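Colleague: As a plain string of letters, each chain reads:
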Amino acid sequence: MVERAAEGDARAWSELVQQYTGLVWSVARGYGLDTADASDVVQTSWLRLAENLTTLRDPDRVGAWLATTARRESLRVLRRGQRQIPSGMDLAAQITSEDAQPDVPVLRRERDAAVSHAFQGLPALCRALLRVLMSDPAPSYAEVSEVLDMPVGSIGPRRARCLDRMRTAFESDDERARPIEVVR
Amino acid sequence: MTFDLPDDDDLLLDDVCDVLSRCDPVPHAVLAAATGAFAWRRVDADLAELAFDSLLELTGSGTRGAGDRQLTFEGNGLTIEIDMLDGGSQLIGQLVPPQPGAVQVQAGGRTATVTTDAGGHFTAAAGAGPFRMCVDAGPGAAIVTEWITL
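Those sequence lines, one after another, are chains A and B. Numbering of the first sequence is given in my numbering, commencing with residue 1 and proceeding in unit increments. Numbering of the second sequence is given in my numbering, commencing with residue 1001 and proceeding in unit increments.
Take these hints with a grain of salt, some might be off.
[Said to hold, decoys possible] From the structure, some residues in chain A lie toward chain B, with a derived Cβ separation under 7 Å:
#	residue
1	A10
2	Q43
3	A50
4	D112
5	F119
6	Q120
7	L122
8	L125
9	C126
10	M134
11	R167
12	T168
13	S172
These aren't lab readings, by the way, just hints derived from the structure by calculation. Here the structure is a predicted model, which means the values were calculated and not measured. Beta carbons are placed, not taken as given, at the ideal position from N, Cα and C, and that holds for glycine.
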């Protein structure tokens, strides 16, 4: 696909966009960027790919290349430190708003909000790792290692630790939420 | 009323993924912009790479204004130095070696063309979002900077 796009095939480009934008988005969001900043980072990553199509060393690893570019741009945007809102704020607002998910039952929406809140409370590295692991198509550990700049051998243990923290955070949120639920 | 999370790691990851993909899907505008990025290709131009970014150098005790940022791009014998002022809304730049001509500034989805003076200086407005510059380099040739996010 990369070669075809490099030759000017817009359809091949669209296929790349369909396949990898989810991964690139997850990297930017994983670093806690808000919608505007994440959108800019994703667009910059694709613009970079467009200008590097013919010089890409390893076209088979275009997904990792894009994600690595997105990680560097995300860190740059975080350094810039403007237009920044506390991580997860706009996502939490989006989830609890009825406009965002009009067809989802209230109870499901409450659970969604609780899961999301626990997720947003994780350390940045956990969020980034889990977001990248969730992307579709699933990246290999070698790709995750390259994208997040962490040793391959540390990914499995970190994944387990982050998910444990997620459970702990969820349970303590739930404890705090319980009295309110009883009143209802 | 309380909620449960799966004990199994794979199931938990699937669960969180399901919640986040329903709640935080890639916006349509982002997909459209990614598709549109293809049209911004400049196959005729040489690339000037980012050689310096003050954002990545500052140690926290910088004496410059908080919103100021210096960038240097280099490629094909040309150096483009720019100072972003007022948080990136204004930029002043210089081509080294100096050359007269037009500089296209692409920022925030808009393109503005400015001309350089005899010393290679130029000024332009910028804006948030992906940013790059294109410099004429004689008939049929151009140098473009790599894209960065402002």
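Colleague: Hint by hint, note whether the structure agrees.
Modeller: Hints versus structure:
no.	hint	in the structure
1	A10	holds, 6 Å
2	Q43	holds, 5 Å
3	A50	holds, 5 Å
4	D112	holds, 5 Å
5	F119	holds, 6 Å
6	Q120	violated, 10 Å
7	L122	violated, 10 Å
8	L125	violated, 16 Å
9	C126	violated, 11 Å
10	M134	holds, 4 Å
11	R167	holds, 5 Å
12	T168	violated, 10 Å
13	S172	violated, 12 Å
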